[in-house]
Amino acid sequence: MNADVVPTAIPVERRRRLARPDAMPASVIVAGIVLAVMAVCALLPRLVAPQDPALINPTESLQRPGGAHLLGTDQLGRDVLSRVIHGAGTALSGPLIIATATIVLSLALSLVAGYFGGWVDAIVGRGVDLLYSLPPLIVAIVLVGVFGGGYWLAIGVLIVLNIPQNVRIMRAAVIERRGLPYVEAAETLGVSPLRIMVRHLLPNIAPVVAACFFLRFTYGIVDLSSLSFLGLGVPPGSSDWGRMLAENRVQIFENAWASIAPGLALVLTAVSANFVGDWLYEHFERRGRTR
Amino acid sequence: MTTPSGLSVRDMEVTAGEARAPVGIASGITFHVGPGEAVAIVGESGSGKSLTAKAVLDLLPENVRAGGEVRYCDRDVARMPARERRRLRGRELALVMQDPFTMLNPLERVGAQITEPLEDERGRRLDRARRRQQAAQRLREVGITDPNVADRYPFELSGGMRQRVGIAAAIAQQPHVLIADEPTTALDVTTQHEILELLGSLRRTHHMALVLITHDLRVAFSVCDRVYVMYAGSVIETAPAGALSAAPRHPYSLGLLLADPPIDRRVERLVGIPGSVPAPGGRPSGCPFAPRCRWAEPACEASMPALTEIAPGRATRCRRIEEIGGELTRCRQERLVHAAPPPARPAVAPIVVAHGVQKVFAARGRHGTPVVALDGVDLRIGEGQSVGLVGESGSGKTTLGRIIVGLEHATAGSVCVGGVELAGRRLARPDREALRRTVQMAFQDPYSSLNPSRTVGATLAEAVRLAGTDTGVERAVAGLLERVGLPDHYAPRRPAGLSGGERQRVAIARALARSPRLVVCDEVASALDVSVQAQILNLLRDLRDELGLAYLFITHDLAVVRQVTDRVYVLHRGQVVEEGATASVLDAPRHDYTRRLVASVPRAKEQAPSTGNLAGASA
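Going line by line, the protein sequences match chains A and B.
With positions in the first sequence counted from 1, the corresponding number in the working numbering is that position plus 12.
With positions in the second sequence counted from 1, the corresponding number in the working numbering is that position plus 812.
Careful: at least some of the hints might be erroneous.
[Said to hold, decoys possible] Which stretches of chain B does chain A cover? Using the computed rule of at least three CB atoms under 8 Å from a CB of chain A, they are:
| # | segment |
| --- | --- |
| 1 | 956-962 |
| 2 | 1247-1255 |
| 3 | 1263-1270 |
| 4 | 1273-1284 |
| 5 | 1319-1332 |
Simulated from the structure, these hints should not be mistaken for lab results.
Please read all numbers here as calculations on a predicted model, not as lab measurements.
Glycine included, C-beta positions come from ideal geometry on N, C-alpha and C.
Could you build the full structure based on these sequences and the hints that come with them?
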């Protein structure tokens, strides 16, 4: 409008100039590939697996890796590789459901509690404290043990009992931003509370949400496998990694690979998810920083 | 070239980032400070002044490197072994930092932090009794006479006291050079005044050389003999303080001087410098100031001009100084005499009438006491009137502003905004809407007043829709941007891609979207560089003339109040101690506190000290 208010022609992008280019480190690339392979196995097991995972062949029991069976066979002569590949489905889907559901619920609670504060926050906070006192895995073992092999019951218990950890982290992130001028400016403009939560707070805590999601996913893998290792959750005979570990551990000296393979798959998936989650958090965090 | 004692820096380079692709932070920095002398390094944010100071003390953060020569008493500091350099720090060269809140270890008593490095003649730690005695003595030196302060923890002290303790710790070993990096920026005006006095007197009593790093020319002139002006990583002018103030010899120095709003009169128009300081890595190759300079010619952009001496103790990097020197002086002089009388405004209908407003914040924890932020405040803002609210931190000025926009609720009293009574009830929906159409707010910190994950366009479009416009939102957004002096291609940018001044413009545009009659400006300009601050103040004045806006201007800066307000309220500990027309309050303050406030504004020294330093110093 005036000669002396001519704005700069060049946008200021200090951060980007001083920070190193955001290259993906090798560990994250490898982790991503591992997760992608696992995802393909989970979605299209029949295409990838060399054999039917349930095909029992007593004449070929406890074979060593090599030849027709790349990872050998178990006591019933089932192909270990095929069983590991088919196991990816349950191994990934359960944790995915747990992580998604628990994050959505926690996020809603955190936004409401953190934004409104006061007695709403107090109620949510006390409820969360109460849940916090219950150890998820042990409660799941007891409930599933008492009510009998309910896979969905186990998942439900893990969803609910994982809420406290997430709420603590996300609520803190909401409160940190709740008093910032841009939120108060939205309030003085007359933006509705729901819109403030969804448009002004949620995008700015996205890095924390992503980090929580992958953390829950990793814990979900371990928790569900622990349950099936104990014989709870998935029905007997299904090709679940935890279950395979339990079944084959007796023959560890005759055919070690039958129990090593599912264990390895478990560790690889969990560690990869963690790597990817960590990197995503840092990536978002850096991008969202304004100063 | 230099006296054997003192600190001299020659051709210092500071670079950041990886060694293969370094980003220049500062280059060719040369300065000298002799014993008992005070020099200032003045520059806006991004000029590289703080990192230069850290480089001198070898305290650079990771990934930042320095080259060049640092000589102290004719010894090359850069070539010293790290051990010796460490011994030099604190004993010979000491640093006082900006933030009194993070400078001290919160878990240690103040006395222990002051006496920690002290040793006796044989290099052993002092015993308890002597440490106590030393702590008390050091505190006395910085004007703290109560020896019990040594037993307190930092959180028990005020900001000014902490800064004093920081200075006491820095000078505990009787250093010969004290480097102070923005020592008063985080402090209130009256405290700032005391700390500057303290630094000045310590320099005399300890015969200490002082390097004051600041963004504020007024602060520099009030303490220092010689000033180095830095811009975009290089020293662009050096001169004795008085000479620089009277006749700058670089267009940037002139710009800084003109942009600084005067405290003693209202000027027709503040002269900002167009554009903003280039970021490290994005600096032009020639004269760094050329893109913003009205005297620039193509040759200026070809190569970086050298710092040339034009008179004893004066040097400039402007290559056209021979031609434009006279004009620079004339611009400066014109400004010194030019003054505009404050426009008289007729009595008008009030937008805000506050009466006996009280705000008490509940006690924190079981043992806390309730905090009385406002204690019976009366305030009136008329239609189209610009009202200042002045006070130091903790005076309650921001709380009052927040009550008026409805972000906070008064404990008692009455607050009537645009015909809606805010105090003592929950607002019904139509009342809330009426309030929002009447008053909007602009905030202090340009970095958090915009949602970092939304574009400028989305932020403004949301505000426009709330004002009830559903068609032609895009046009309305472009119109708002134009109002605040931004081109419409800024709409798709995110706040991270804007400078501080541009962000404040967007924040102001957002407040204007609902076409309010009153805008509460909470320190809108104080986080900005001087040159940008002038642009924003001008913008606010223009908007007022065009739209007939009323302002409630919350600030601690009396010079800003002088420039943009008609009436002013002085708030002290939650009470209005004085009110009236801005000019009469500032020129003839009646209340004791107002007088102290006005007297604390840094002013140039009456007379430059008659030391031989001025003539003997070279750039």
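For this session: Against the earlier hints, flag every one the structure doesn't satisfy and list their numbers going up.
Result: 1
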